[in-house]
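Enquirer: What follows is the residue order along each chain.
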Amino acid sequence: MAPASGLSSRGAVAVNALLAHLVDPVQRLGQATLEWLAAMGRFGSFLGQALFWLVVPPFKLRQTYHRISFIGVRSLSIILLTGAFTGMVLGLQGVLMLRRVGSEAFVGPAVAVSLVRELGPVLAALMVTGRAGSALAAEIGVMRITEQIDALTVMALNPMRYLVVPTVVAGIIALPILNWVFDVIGIYGGYLVAVKLFGLSGGTYFGQIQAFLSTTDIWVGFWKSLAFGVVVTWVACYKGFYVGHGAEGVGRATTEAVVLASVLIFILDYFMGSVLP
Amino acid sequence: MTTTATAPAGLSPSPDSAGPPAIRIENLHKRFGRQPVLQGVDLDIGAGELMVVIGRSGGGKSVLLRHLLGLVRPDTGRVLIGEDDITILRGRALDHVRERFGVVFQGGALFDSLTVFQNVLFPLKEKSRLTMAEIVARAKEALDQVGLADMGHKFPAEISGGMRKRVAIARALVTEPQVVFLDEPTTGLDPILVNSIHHLIVELHRKFNFTAVMVSHEIPEVFRIADRIAFLHEGRIREVGTATAIQGSTDQYVRQFIHGEVDIRAR
Numbered sequence: 010m011a012p013a014s015g016l017s018s019r020g021a022v023a024v025n026a027l028l029a030h031l032v033d034p035v036q037r038l039g040q041a042t043l044e045w046l047a048a049m050g051r052f053g054s055f056l057g058q059a060l061f062w063l064v065v066p067p068f069k070l071r072q073t074y075h076r077i078s079f080i081g082v083r084s085l086s087i088i089l090l091t092g093a094f095t096g097m098v099l100g101l102q103g104v105l106m107l108r109r110v111g112s113e114a115f116v117g118p119a120v121a122v123s124l125v126r127e128l129g130p131v132l133a134a135l136m137v138t139g140r141a142g143s144a145l146a147a148e149i150g151v152m153r154i155t156e157q158i159d160a161l162t163v164m165a166l167n168p169m170r171y172l173v174v175p176t177v178v179a180g181i182i183a184l185p186i187l188n189w190v191f192d193v194i195g196i197y198g199g200y201l202v203a204v205k206l207f208g209l210s211g212g213t214y215f216g217q218i219q220a221f222l223s224t225t226d227i228w229v230g231f232w233k234s235l236a237f238g239v240v241v242t243w244v245a246c247y248k249g250f251y252v253g254h255g256a257e258g259v260g261r262a263t264t265e266a267v268v269l270a271s272v273l274i275f276i277l278d279y280f281m282g283s284v285l286p
Numbered sequence: 045m046t047t048t049a050t051a052p053a054g055l056s057p058s059p060d061s062a063g064p065p066a067i068r069i070e071n072l073h074k075r076f077g078r079q080p081v082l083q084g085v086d087l088d089i090g091a092g093e094l095m096v097v098i099g100r101s102g103g104g105k106s107v108l109l110r111h112l113l114g115l116v117r118p119d120t121g122r123v124l125i126g127e128d129d130i131t132i133l134r135g136r137a138l139d140h141v142r143e144r145f146g147v148v149f150q151g152g153a154l155f156d157s158l159t160v161f162q163n164v165l166f167p168l169k170e171k172s173r174l175t176m177a178e179i180v181a182r183a184k185e186a187l188d189q190v191g192l193a194d195m196g197h198k199f200p201a202e203i204s205g206g207m208r209k210r211v212a213i214a215r216a217l218v219t220e221p222q223v224v225f226l227d228e229p230t231t232g233l234d235p236i237l238v239n240s241i242h243h244l245i246v247e248l249h250r251k252f253n254f255t256a257v258m259v260s261h262e263i264p265e266v267f268r269i270a271d272r273i274a275f276l277h278e279g280r281i282r283e284v285g286t287a288t289a290i291q292g293s294t295d296q297y298v299r300q301f302i303h304g305e306v307d308i309r310a311r
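These protein sequence lines are chains A and B, in that order. For the first sequence, the working numbering gives the first residue as 10, with consecutive numbering after it. For the second sequence, the working numbering gives the first residue as 45, with consecutive numbering after it.
Next up, chain A with everything else stripped away, as it sits in the complex:
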């Protein structure tokens, strides 16, 4: 009897090991899926909370002012530079391409419409993501790991109201303004190349813009930049808020904030471009 029971127990162990081997990857997949869903829920709920506190007084005007200065004013030089060169590149390629079909008169509208509808909002948002979004994620991440956010919480002060809401409001205000600056300076960049370099008439350049650029195009650019302003600040604050441990955690949060915000900007740009007129 003893050898038989020994064999059967060894068989049971082997079956259990085989089952564990088969179940383990499924279990891990399930665990990872649950964690991903929880993170998505937290990400969405974070925005929901921010939008809720955005309309509940008292408003932190001083913090909002500082954030506008940080996101908007300090991004101005990079927006001017990138806007000018984007317009110049569009002007250059526009003239070279349209000259082949004898339509260089349409360089102005080509530059203006592509800037106002697409490139202005997207590139301005990407520049702000790189400059201010990463810094915001790092700043809030450091506040988290040095317990400054906990200090606010135990003072019975809502960190969402003190840190996140002013940042999101600043994004909503600053991004459309930076977008307009980018558009205007880009159109002048295109003018420099098309008119001053290739000798196109200034009247034709601006006249055709006036004829082809509609108010709808300007509104589309505005709504996009507004949405991107929320995305950049939301992602940056979220990544800072839920930072990992130590300097490595802050570094990772910063990178993730830039990557995620950039990807979301492109995805949102496509869908908004499809939905908006």
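One or more hints might be untrue.
Claimed, not checked - What follows is a set of in silico ranges between Cβ atoms, one per label pair, in the way DEER data are often shown:
id, chain 1, residue 1, chain 2, residue 2, range
1, A, V272, B, Q79, 33 to 39 Å
2, A, V272, B, P264, 52 to 58 Å
3, A, R261, B, K169, 32 to 38 Å
4, B, E143, A, G50, 56 to 62 Å
5, B, Q79, A, P34, 20 to 26 Å
6, A, F275, B, S172, 45 to 51 Å
7, A, V272, B, D156, 39 to 45 Å
8, A, W232, B, R122, 47 to 53 Å
Honestly, the hints are just simulated from the structure, not real lab data. Just so you know, even glycine gets a beta-carbon here, dropped at the ideal spot from N, CA and C.
Add chain B to chain A, keeping to what the hints say.
Expert: Chain B alone, transformed into the frame defined by chain A:
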């Protein structure tokens, strides 16, 4: 204040027979993933008492403190602050309890973007209904009490570690809290500064008579300042008592900890 003799393992004697405890921790359990951190903590802290929680690094002292502050929710168990169970409160009710707190975090947790004076002023400016003149006077007084009256204009990055701890103490006390929590307020400081901060805590505790819970492993310094000491070991309060009782304990883990003996199993 009543102090008591050593209690049996896992139990805490009532600190003040005259009234209910200011803080009551009941059967607190917490695990992070598969790692149990707190495994049934029971502790009563009397009103006006200075309780020091000691224990090995990574033993769950700071986690316990975060439960008392309502920053972490337990798996099971309760933390009563007066009559309020902080583990189930949310929103304004939780904020209402926290308004009675002053907290000194391990690294000070001073706001980098504010000066020392603005840091001390901050909780009053945001929460109190005092006039600005009164707030400024209170903040100046608080900085004066910690001996940093002339450092108000500096930023936290411009002052030493010891000064930052003092500013954190001033900020914690400026609202005149009923309960003060101190998370290793002397970690990383030299022995002179450790004694200086401890002296300051005792002086302010005597002056304002707040209830204080301090997490520390400054042995033997804490024996000079604590009303009672709780030894946290493997997620439970293994022993509670006066400094004399703890120092005279026969419990092998308590003795091992306070004498700094190397764990034979760890060698």
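Enquirer: Take the hints in turn and mark each one as holding or not.
Expert: Do the hints match the structure? See the list:
no.: 1; hint: V272/A with Q79/B: 33 to 39 Å; result: holds, 34 Å
no.: 2; hint: V272/A with P264/B: 52 to 58 Å; result: holds, 56 Å
no.: 3; hint: R261/A with K169/B: 32 to 38 Å; result: holds, 35 Å
no.: 4; hint: E143/B with G50/A: 56 to 62 Å; result: violated, 30 Å
no.: 5; hint: Q79/B with P34/A: 20 to 26 Å; result: holds, 23 Å
no.: 6; hint: F275/A with S172/B: 45 to 51 Å; result: holds, 48 Å
no.: 7; hint: V272/A with D156/B: 39 to 45 Å; result: violated, 30 Å
no.: 8; hint: W232/A with R122/B: 47 to 53 Å; result: holds, 50 Å
This entry does not satisfy hints 4 and 7, going by the numbered hints stated previously.
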